[in-house]
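I would like the entire structure built from these sequences, with the hints used as guidance.
Chains as they are written, first to last, in this note's numbering: chain A, 16 to 366; chain B, 1312 to 1600.
Think of the hints as simulated: they come from the structure by calculation, not from any bench.
Glycine included, every Cβ here is placed at the ideal spot set by N, Cα and C.
Among the clues, some could well be false.
To be verified - Below 20 Å or equal to it, Euclidean Cα-Cα: the simulated SDA-like pairs (lysine to any residue) are:
#  : chain 1 : residue 1 : chain 2 : residue 2
1  : A       : K327      : B       : I1492
2  : A       : K343      : A       : N154
3  : B       : K1491     : A       : I315
4  : B       : K1355     : A       : K137
5  : A       : K327      : A       : I315
6  : B       : K1493     : A       : R175
7  : B       : K1488     : A       : E278
8  : B       : K1493     : A       : S182
9  : A       : K137      : A       : G147
10 : B       : K1491     : A       : A322
11 : A       : K283      : B       : K1355
12 : B       : K1355     : B       : F1566
13 : B       : K1355     : A       : G147
14 : B       : K1488     : A       : S182
15 : B       : K1493     : A       : N314
As the list claims (entries may be wrong) - Coverage of chain A stretches by chain B, computed from C-beta distances (three or more under 8 Å per stretch; other residues unrestricted):
#  : stretch
16 : 188-197
17 : 297-310
18 : 320-327
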Amino acid sequence: MAIVVIGLSHHSAPVALRERFAFEEARVPAVLEMLRNARIAEEAVLLSTCNRVELYAATSTEPPAAFDHLREFLVMAKSYSDPLTDELYTLGEPHSVHHLFKVACGLDSMVLGETEILGQLKKAYDVALQHGHTGSRLNKAFQKAFNVAKQIRTETNIQRGSISVGSVAVELAEKIFSKLADRSVMVIGAGDTSEKAARALLSRGAHQVIVANRSYDKAALLAQELGGRAVRFDDWAEEGENIDIVISSTSAPHYVLDRHKVELLMKKRRNRPLLLIDIAVPRDIEPEVNFLENVFLYNIDDLQSIADDYLKQRQQEVARCELIIREKAAALLAGGIPGPRNAGVRPAFGQ
Amino acid sequence: MPLAPAAVRITLVSVAWFTDRHFFLLSVMLYGLSMVYSIFLWRKGFRRDDYINYLILLCAFGLHTTAMALRGFRLNHCPVTNLYEATAFAMWSIVAVYLIVGLWPRLRFLGAFASPILFAIGVFALMPSLDLEHGARPGAPVAWTSIHAALMALSYGAFGLSSIAALMYLTQEHNLKLHKIKALFALLPSIQRLEFVVGRLLISGFILLTIGLVIGAYDLSRLDHPHSYRGDPKVVWSALVWLIYAGLIVMRWKFAQGGRRFALGAIGSFIFVVLTFWGTNVLSPLHNP
Chain A
16 MAIVVIGLSH
26 HSAPVALRER
36 FAFEEARVPA
46 VLEMLRNARI
56 AEEAVLLSTC
66 NRVELYAATS
76 TEPPAAFDHL
86 REFLVMAKSY
96 SDPLTDELYT
106 LGEPHSVHHL
116 FKVACGLDSM
126 VLGETEILGQ
136 LKKAYDVALQ
146 HGHTGSRLNK
156 AFQKAFNVAK
166 QIRTETNIQR
176 GSISVGSVAV
186 ELAEKIFSKL
196 ADRSVMVIGA
206 GDTSEKAARA
216 LLSRGAHQVI
226 VANRSYDKAA
236 LLAQELGGRA
246 VRFDDWAEEG
256 ENIDIVISST
266 SAPHYVLDRH
276 KVELLMKKRR
286 NRPLLLIDIA
296 VPRDIEPEVN
306 FLENVFLYNI
316 DDLQSIADDY
326 LKQRQQEVAR
336 CELIIREKAA
346 ALLAGGIPGP
356 RNAGVRPAFG
366 Q
Chain B
1312 MPLAPAAVRI
1322 TLVSVAWFTD
1332 RHFFLLSVML
1342 YGLSMVYSIF
1352 LWRKGFRRDD
1362 YINYLILLCA
1372 FGLHTTAMAL
1382 RGFRLNHCPV
1392 TNLYEATAFA
1402 MWSIVAVYLI
1412 VGLWPRLRFL
1422 GAFASPILFA
1432 IGVFALMPSL
1442 DLEHGARPGA
1452 PVAWTSIHAA
1462 LMALSYGAFG
1472 LSSIAALMYL
1482 TQEHNLKLHK
1492 IKALFALLPS
1502 IQRLEFVVGR
1512 LLISGFILLT
1522 IGLVIGAYDL
1532 SRLDHPHSYR
1542 GDPKVVWSAL
1552 VWLIYAGLIV
1562 MRWKFAQGGR
1572 RFALGAIGSF
1582 IFVVLTFWGT
1592 NVLSPLHNP
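Laid out in structure tokens, this is it:
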């Protein structure tokens, strides 16, 4: 029996096609039942997320025939009648096992090294296991995949660091303040990035959000969404003592926070540390402010460059991760039941 | 040679053939090993958990404690009777406080910053001319003098560790100001926490210093001619050190001048203490009869 994979992912197909093949959680056990009853595979696990739909199967049918059957099955299950070329990829051993391990470690994800996919994979495996659709072959392979993911998380830097601007802001806050729970965030202006950053800070425990905007209504709206409160734009400085983190993104052509204002703010706050995040272009906060004692100013370029550095670090780790994956896959395949000798017919896109 | 009788005396009362100075030497060697490992940790950007360095310092502490215990048993009181013993005691208290504080994983990297300083002071302490047999102070009761010396050494230990934490603070603050990524991926605590640690250690040191000086003053008053020692360099110096640290505390808490200035103040004050301690000790007829 060999382990094979068939599926499509963000590497091979656009979202319009991926959504056609997505399976609802509730339908998955029935689909796997159909697959096994049709004797196309002895064991199967179905993974369906927003970025990929993949069927992992253990089958004693020879790969070329197995791939045809699986392709037919998927197309029939989703009643898909349009032509398909290489959006649907198929993998035989050992590439199928490599692929499984890579997916578990986040190496095949849109965001390199993301950890959500491991949870999704575990859930998909659990569903298949509970309904009796897995056997010794897939059980061993998936357990090994989870172990490899854990090993890579602890031994390499592939999952470390924040690669989005919002989470970089959170990391900064955690390096400056001892407890995020006591800190207040002020959002001046509005914008997608500032909202994301505020949400990220809130999710990590920030105490409250205060929103200030030239338009009070807009401020109130955003404040409601974030579970905070709104203040009049001209009064934002009155909140002085309450502010520890400021996220600024107004469309003002001049500096909203100049050196003098920040000095006054620091005096009010008795020189406690202050994190200023300036997302606006043109900038809202006078750059000189960074020279003040206990003030830390980051503009959008700084945040982005930290995120880019982290991404670069992750990319440097890919080679090391792939080495570990190949070792573990070889060990798994050597120790398992011998499968058919020929390898995969069509490798996955990007391999 | 004037050193030979002292060396012979020390050797004669050692346990087996290993003297307390041998144990201290071993502990200094381990501080050196810790220093080398710390350079390796620094090069790696403080990314991995520092438990190996903690263990090295723990072993060194064990040997160091053994050395002091042996000396204490031989002398039959707290081993702070000469410069070697006082320095060893101050080092010991730095390591002791570190081992407690280092139980928190985030603060464990203090050890990496502390070990070069410990090694340097240890090498200095091993100089034979520091380890001379001294009689008790002129006419003062030995017990109170020992407590005075022990408290002073403990306070220097607290000041020492606070300046090490201040050094860590300055490193982090520098990286954060200059938007360096190593500010984030290094497993160092937040600067607010480091500032808190510096402050608490400084206050602890100050309290110990105050009590130590009060006991010293009481000790002094029991002498035959206490007023003749009024201009004694060490006494004047101690008052100066007390004023410097009091000033730092006022600056931090009354005038809210925390952060960088406070960290630099803590480091500067300790450097001043380290540079002038032995000189004033030698010049002081009260401490060096």
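Check each numbered hint against the structure and report the violated ones by number, ascending.
-> As far as the earlier hints go, 4, 11, 12, 13 are violated by this structure, in ascending order.
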